[in-house]
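J.: Sequence:
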Amino acid sequence: MPTFFFNLIHRGGVTLDPDGTTLPDEPAARLHAEGVARELMQHREAATRFWRLRVCDDERRLLFEVPFVEIDPTLLHLPLHLREAMRDVVVGAASLGNAIHDVRFSIRQLRGTMARADGLPYLVALDGRTLPDRPAT
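In the working numbering, the protein residues as written are 99 to 235.
Simulated from the structure, these hints should not be mistaken for lab results.
Check the hints yourself; a few may be wrong.
Claimed, not checked - Computed beta-carbon distance windows for the label pairs: (1) ALA215 / PRO125: 44 to 54 Å; (2) ALA145 / ILE198: 14 to 24 Å; (3) THR101 / LEU218: 36 to 46 Å; (4) PRO125 / GLU182: 15 to 25 Å; (5) GLN140 / PRO219: 38 to 48 Å; (6) ASP155 / THR113: 10 to 20 Å; (7) ILE169 / PRO100: 18 to 28 Å; (8) ARG136 / GLY195: 17 to 27 Å.
Heads up, the beta-carbon is just placed ideally off N, CA and C, and yes, glycines get one too.
Between the sequences and the hints, there should be enough to build the whole structure, so can you do that?
T.: If you want it as structure tokens, here you go:
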């Protein structure tokens, strides 16, 4: 049986599943992910609505995501069009968060490259300080 990894994406970052769970197939993994999400949301639906579980295979490749907003029982009283709008907002916010993360990562890489080019330790580039100006050539 395959192993699936259930990584939690939340506003504070990512909590990786170190061990994974052995399940018979992908549909079983989806049911498991939805159950885990419901358990994590219980009595904190509004605070966890933007969270999602990213389900990966045994090679850590993304298979699918379960946005908590899709299974939030406190939204069931809303008309379908409002629930869909809420989901669109959450998915859009997640996409924006991913883009911001990617830009920050690129900036860190650029700072590291500039630090190495100036003969400085790489850690100088990660501490958030402005790097010294490069001497004119």
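J.: Check each numbered hint against the structure and report the violated ones by number, ascending.
T.: Of the numbered hints, all hold.
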